[in-house]
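Residue strings, one per chain:
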Amino acid sequence: MDTSGAVIDRTDQSGLDDVLVLKDLVLRFRGQENDVVDGVSLTVRKGEVLCVVGESGCGKSVTAMALMGLLPKESARISSGNLTIGVDHFDLSKDALPNEMRGNTVAMIFQEPMTSLNPAFRIGDQIGEAVLRHRGGTRAEALARAEEMLTRVGIANPSQRLHEYPHQLSGGMRQRVMIAMALANDPSILIADEPTTALDVTIQAQILDLIRDLRDETGMGTIMITHDLGVVAEIADSVAVMYGGQVVEQGPVAEVFNNPQHPYTIGLMSAMPRLDQPGGRLAIVPGTVPTIANMPEGCRFRSRCAFATPTCASRPALADIADGHAVACHYAPLEDHVAVSA
Amino acid sequence: MKNDVILEAVDVVKHFGDGGGWLSRSPVVQAVDGVSLQVRRGETFAIVGESGCGKSTLARLLLRLLTPTSGKVMFDGHEISGTKGAALKKLRGDMQFIFQDPFSSLNPRMTIGKLVGEPLEVHAPDLSAQERRDKVAELLRKVGLRPEHAGRYPHEFSGGQRQRIGIARALASGPKLVIGDEPVSALDVSVQAQVINLLGDLSRDLGLTLVIIAHDLGVIRHMSDRVAVMYLGRIVESGPTAEVYAKPRHPYTQALLASIPSMGGKPEDHKANVLGEMPSPSAPPPGCRFHTRCPFAQAKCKTDTPVLSAAESDDHRVACHFWDTLDTSAPLAATTQQSKAAEARFALYRAATEGGTVTHKTQQTTERT
Ligand SMILES: Nc1ncnc2c1ncn2[C@@H]1O[C@H](COP(=O)(O)OP(=O)(O)OP(=O)(O)O)[C@@H](O)[C@H]1O
Ligand SMILES: Nc1ncnc2c1ncn2[C@@H]1O[C@H](COP(=O)(O)OP(=O)(O)O)[C@@H](O)[C@H]1O
Ligand code: SF4
Ligand code: SF4
Ligand SMILES: [Mg+2]
Ligand SMILES: [Mg+2]
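So the sequence lines, in the order shown, correspond to chains A and B.
Basically the working numbering = 1-based index in the first sequence + 227.
At position 249 of the second sequence the residue is numbered 245 (the working numbering), and the sequence of numbers has no breaks.
Chain A with its partners taken away, still in its complex shape:
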């Protein structure tokens, strides 16, 4: 691999299984007075799925795009962010991921497959092109790889499908094709931005099965972005909960779900209509997410938090409350710090 200026350090990390480590990503868009992503750190281990969960606008996609180096350079300004992929280190405030890693070492799939599939080209040519770009070889070899990938993602009649155009496929099949294309070059990291949000539940279940199987088979590390806590429970090994451009809680998925600490995590979980607790009133998260310009200083959840005090005007650190389980709240665990009377 070419060692361009982007690679600033090759010293080994202690976390051998960490395939991707992002430290302190901060970025804003031109004309904005506040950071849309404010100090996000994430770690993905080999063979694991990290879910990033949060409501629309909290910065999930922007974080993923920043990782991939896909943000428009004219309008997005990254002021901090260190990315380690395997043994390569990048200072995102200076350099983006080099082209030869994008789509090769790190691949990404999107909510709407048509954003990465070109309607004018046959499926086989599109996957083949991705293979040729990074692996070289002959066109015939690339097409053979494309067919192999279609088979692998569970598409029936792959040799026939190779010759079809994206519009001839259903939504679920397009998503499979996109996964086939993303995985054609055996990436060590897959970033999936809401890959099942537009799909029906029965199709979603099929795609989640597929991602799980591929993870087990290839040992790739996966960042899965979703707004659905159910999907997190289904597929994640660990989870990072985002609010207003910050990670407010993260940890192993069982720990976070069984022992949630941040008022926002608790609110999200309480607000979700549950199959096992029907009827009655749902607990809510009051109000709405402020715009980026109106985000409060300190804890950004402060304007909606029932437990906020003036202390919360200073930013709480994301600190471990148990092994590997971190939360950013001045008053965690709540039961030790607050009481509520009727």
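FYI, nobody ran anything at the bench for these hints, they're computed from the structure.
As the structure is a prediction and not an experimental result, all values here were calculated from the model.
Do not take every clue at face value.
What the hints assert, rightly or not - Facing chain A, a subset of chain B residues (Cβ under 10 Å, in silico):
#1 Ser154
#2 Val187
#3 Gln190
#4 Ala251
#5 Leu253
#6 Val270
#7 Leu322
#8 Ala343
#9 Thr358
We treat Cβ as the ideally placed atom computed from N, Cα and C, and that holds for glycine.
Dock chain B with the ligands against chain A, hints included.
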């Protein structure tokens, strides 16, 4: 009881592209194909199914925004397909609609006051300007907005607030029944919960009948009294929501329930168990329309159409030839294994967000490592 029924569909069919002439050359889309259902006064009735199965078309038929190809729709005991003039105006007042997309369903150039007041001009033309303003203020308050909001425009509001505006608008004519086509699907969980609570409060306080179309099975479980499951233009199962969820009798219902990703369940419980996708409604399979995906399909299913008929009880109906011999029990999500401390935290959260007084035992954060 017969007069319990406020809205009824009797063998309603809607085929698109069926009109002869030029159109007849494109395949007929059998969007709704023989749906019968009864909505009872005061209940919340849900319709669930995958994208393209005909939910929105059915909603539009029920509202008389579409004319059925055959079959009839009855509202308050009267067939509504021929309704015209003053009777139609009254019907429009009695039956209202909430749209899925709060962003495109409100005219951006109208103030909130105008948007909510507009139906009043039609349905209560005798009100004076002042009376109308008062009524708008009352409606805004009812949906959790403030009367001062009347002078503002839709773009100044968030998605959840816009959905509240849509609800206020639907309530303005004093309807007996409101049909919501995915009324909370476009909203984030935290805001969705607020709107679900609001709809629940309104149906209780105003004695409204609600028909809710949704694809989120959690939302339906939470909101509805009875549910109808649609597949490819037909109802495959219907009944009291609690019963259908606990004892689904149709293989498709079972598959839907088993596909829901949920907190607490183990991933193994939710492995995809139906393969493939819903066929096109312009070429539906013969016999049982689900047979191409049904793990239990037999020869008979490919030729004979199963009829929706009483299964577990008179009220719990299913359209499957073999429902009584199949093991279709659904692995409902287990509860999460929360610690006592976590339970305490959830209780604190609920108490605090429902108006409790919060006191801090400590003034400063204890240092953690
Ligand atoms: N005006 C029309 N002309 C032709 N076909 C139509 C028309 N309206 C709907 N359809 C077709 O009828 C079928 C049912 O559509 P409908 O909108 O009722 O589905 P739905 O269950 O509401 O789906 P979704 O969950 O995606 O909203 C679809 O195949 C759709 O493409
Ligand atoms: N190209 C852009 N220019 C300006 N603002 C943007 C751009 N892309 C995203 N944003 C804003 O950044 C915030 C985070 O967006 P996003 O990451 O897409 O959220 P989500 O968590 O829903 O994926 C939002 O406020 C969004 O409006
Ligand atoms: S730091 Fe304060 S405002 Fe933020 S979540 Fe904790 S209690 Fe709420
Ligand atoms: S009738 Fe046959 S194909 Fe249809 S659901 Fe029942 S078993 Fe399956
Ligand atoms: Mg996004
Ligand atoms: Mg619809």
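Here is how each hint holds up against the structure:
{"no.": "1", "hint": "Ser154", "verdict": "4 Å, holds"}
{"no.": "2", "hint": "Val187", "verdict": "6 Å, holds"}
{"no.": "3", "hint": "Gln190", "verdict": "5 Å, holds"}
{"no.": "4", "hint": "Ala251", "verdict": "6 Å, holds"}
{"no.": "5", "hint": "Leu253", "verdict": "8 Å, holds"}
{"no.": "6", "hint": "Val270", "verdict": "5 Å, holds"}
{"no.": "7", "hint": "Leu322", "verdict": "18 Å, violated"}
{"no.": "8", "hint": "Ala343", "verdict": "8 Å, holds"}
{"no.": "9", "hint": "Thr358", "verdict": "5 Å, holds"}
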